[in-house]
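Peer 1: Each chain is listed here by its residues.
2 protein chains.
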Amino acid sequence: MLEDKNQKRTSLSELGEFGLINHLTKHFQINQKSTLKAIGDDAAVLDFSKNKVLISTDLLIEGVHFDLSYMPLKHLGYKAVVANISDICAMNGVPTQITISIAVSNRFPLEALEELFEGFTLAANRYQVDVIGGDTTSSQKGLIISITAIGEAKFEDIVYRNGANETDLLVVSGDLGAAYMGLQVLEREKQVFQVNPNNQPVLDDYTYLIERQLKPEARNDIKELLEKLEIKPTSMIDISDGLSSEILHLCKQSNVGCHLYEEKIPIDPQLINVCEEFNIDSTTIALNGGEDYELLFTIKMTDFEKIKHNPNFTVIGHMVAESEGAHLITRANTQITLKARGWNAIES
Amino acid sequence: MLEDKNQKRTSLSELGEFGLINHLTKHFQINQKSTLKAIGDDAAVLDFSKNKVLISTDLLIEGVHFDLSYMPLKHLGYKAVVANISDICAMNGVPTQITISIAVSNRFPLEALEELFEGFTLAANRYQVDVIGGDTTSSQKGLIISITAIGEAKFEDIVYRNGANETDLLVVSGDLGAAYMGLQVLEREKQVFQVNPNNQPVLDDYTYLIERQLKPEARNDIKELLEKLEIKPTSMIDISDGLSSEILHLCKQSNVGCHLYEEKIPIDPQLINVCEEFNIDSTTIALNGGEDYELLFTIKMTDFEKIKHNPNFTVIGHMVAESEGAHLITRANTQITLKARGWNAIES
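Here the protein sequences come in this chain order: A and B. Quick note: the first sequence uses the UniProt record's numbering, first residue 1, plus one each step. Quick note: the second sequence uses the UniProt record's numbering, first residue 1, plus one each step.
The hints are simulated quantities; they were obtained by calculation from the structure and are not laboratory data. Don't take every hint at face value.
Which copy? The list can't say, so a pair holds if one copy fits it or any two copies do.
Simulated pairs of lysine-lysine, PhoX-like, Cα-Cα distance not exceeding 25 Å [said to hold, decoys possible]: (1) 306 to 26; (2) 26 to 228; (3) 232 to 252; (4) 154 to 50; (5) 26 to 252; (6) 264 to 228; (7) 154 to 33; (8) 252 to 264.
On a predicted model such as this, the values are computed, not experimentally measured, just so you know.
With the sequences and hints as input, model every part of the structure.
Peer 2: This is the structure we're talking about:
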C-alpha cells in the first residue's frame, strides 16, 4: 500500500477531523476564474457566466474498483480524478472543478492519505481543475473515494450521446485495450509475488500498458483538436467500460445501428505482443477492456476529409439504420453482433 | 433493516447494473428549469443563467453515520438528501439539483434499495430538487451514500461564514437539541430490544424528538422569510455538528468573538422532559447535539426590531471583539468558554 514500508505512520486521530482536512487540502491551488469560493464554507460558489454547467460523479470502492496491492495510492488518486474529468470531456466540455470525498478505515496512516492527495493534486494541476469541496470521514472497511466533476461549455458546443445519425462515421481517439492488459500484467505479477515475495518483477516490456492502467489521461485536448478541424461531433461518449459497451450506448440513445470494422480498431504494438504472450485475442481486449478513457464519437460523413489523416483519430466504422443492429465486421468479413461485455460493477 | 421482514427479496444481480439504475431512478421527476439534461449521459447539463452555482457534498457510511437497526432506509434516504440541501440553504441559496451515488453489499435485496430510493424521491419532491446523476455500485461492506447538492443564488444574496462583525446579533431558526435526544431514545430502545425482542416500544412521549432525528427538514424557507423581513444575514451556517461548533466556525472565519446566552437558546418542552428523564443537562444537548439542520446566522444590530417578535427566529447572543473570545453566559451569569464538542467523524 505504501511505497516505502519503513516510513512514518501517523495515526489520523492525532490530527482530528478539521486538522486532517486542513493538512490534506493545503496544496490545492485555485486556477479557474469560475471558482469564487472553494473549500471552507457550507458550499462552494462558482460563476459560469453564460456557459452551461456539466456535472458528473463517481464512487470508487476498495476491493471493487481498485486493489491497493498493485495500485499505488498516488496513482489511484490521479486516476480517480482523471476518470471523472473524462466524463466532462465526453460532453465536449471543459473540466473546471472537482469535489473529492474520502472515507478511510483506521488502518490508513496519515502518510497513506498524503500519497493519495498527492495524486489528487497532481491531476488537479495537470488538468487545471480546482478542488472546491469534499468530505473526509472514517469507513468501517477500506478506502472509499467519491468524486464529482464540474465543467462548463457553451450551449452550442455540448455533445450528447443521442445525436448520431445513420451514415455518420464512428471515430475514436488514441488506442484501445492497453489499460486492461496493463491490469492483467499487474495481476499476474501480484500472483508471482504471493508465491515468491523476493521475486523482482521485470516490467520493461509492459511499460506502456502499465502506464495506461496506472496513470491514464483524460482527453481534454480533443475539444480543441476538433475545433481546429472545424468538426463538431454528432454524439460522444468516453470509453470507460469498453468499446463495445460504449458503441451500444451511442446506438441505443441515437436510435441507430453500427458497423464496426475489426481491422480499423487502433491497437498499440505492445498490446499485440502481450496478447500473444497471454494467448488472448487483442480485438476481444480492445472491444471489452475498458478504462482507456479515450473518446468515442460520431461525425458527419462529409467531415471525413478533415479527419482521415489525423494521427489523433481513427475512423473505425459507421452508423447504419437501427434495424440493421450493431455489428463487428471481422477481418474475415463475417458479422458478429456487438455485446456489452464491459466490466459490470454490480456483481453478486 | 426492512420494515416488513417477510417481504420479497430480489437479488440485485438479477437486474444487472443498468437495469438496476433504470429501476431505481424511474420515479425521479425533473422540476427545475435549470436542468437541461439529467440522468443518462456522461454528465448532466445545467443552465443557471446569470446566477452563481453552489456545490456541496457529503459521504455517509453505514456504521459511522447511521445505524440501520433503528434508521429505516426510507428515512435514511430522506435525511441524506436533507442534510445536503441544508448546506445550500446555509449559503442563502436555493437548492436545485442533487446527484446520488450508492454502494451496497449483496446483503441488500432490491426491495431495500427501493425503500432507500423512496426516501430520496420523497425528499427530492418535497424540496423540488432534480436528481441529475449518480453512481450505483457494490461495496465490500454495508451501505455507502454520497450526495452532491447543487444550488443557485444571485451573487448579492450569497451569505458566507466570514461576514460577521462585532456587535452583530446571533440568531437561530427553530429549536435545538431534539435530533440528538431522538437518537438517544432510539439507541435506548435498541438496547431494550436486544435484551427482549418481544418488547413493544412506547414512543408517544418522544415523537417530536424521534421525528427530528429520523425525518429532519432543511430550512429552505428561511431565505424567503428573511427577504420579507428585509434582512440579509452577515454570516450564516447550518447546524449539523452542534451549536457550539457552528458558532466557533462563524467566529473563526469572521475574526470575532461571541456572547451566547444560555437562557435564550430555544429548546422544545419535550426535550426538557426527556433530558430530565435521562438526567442530562438540556443546554449541553442543545450546544453539542447536532443534526438539527437549523440555520445559525448573524444580522446587523439595527435589524433587531425586524426580527424580535418573529416566531421563526430567536436572538441567542451577539458577536464581540475576537480578543474577548467565544463564551456561553449561563443563567447564573458565569462565562464558560465555548468548545467544539460536536460529533467528530474521524475517530480512531
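Peer 1: A separate judgement is required for each hint: does it hold in the structure or not?
Peer 2: Hints, one by one, checked against the model:
Proximity of residue 306 and residue 26 under a CA criterion of 25 Å is satisfied in neither setting, with 45 Å inside one chain copy and 41 Å between copies. Taking the closest pair of Cα atoms, residue 26 and residue 228 never come within 25 Å of each other, the shortest separation being 37 Å inside a single copy and 40 Å across copies. For the homomeric pair residue 232 and residue 252, the shortest alpha-carbon distance inside one copy (20 Å) is at most 25 Å, but the shortest distance between copies (50 Å) is not. Taking CA atoms no more than 25 Å apart as the test, residue 154 paired with residue 50 passes in both settings, with 8 Å inside one copy and 14 Å between copies.
For the homomeric pair residue 26 and residue 252, the shortest alpha-carbon distance between copies (18 Å) is at most 25 Å, but the shortest distance inside one copy (44 Å) is not. For the identical chains of this complex, residue 264 and residue 228 are intra-copy neighbours only, at 24 Å inside a copy versus 65 Å across copies, given an alpha-carbon limit of 25 Å. Taking CA atoms no more than 25 Å apart as the test, residue 154 paired with residue 33 passes in both settings, with 16 Å inside one copy and 17 Å between copies. In the homo-oligomer, the alpha carbons of residue 252 and residue 264 lie at most 25 Å apart inside one protomer (22 Å), although the nearest pairing across protomers, at 61 Å, exceeds that limit.
Checked against the numbered hints given earlier, this structure breaks hints 1 and 2; the rest are met.
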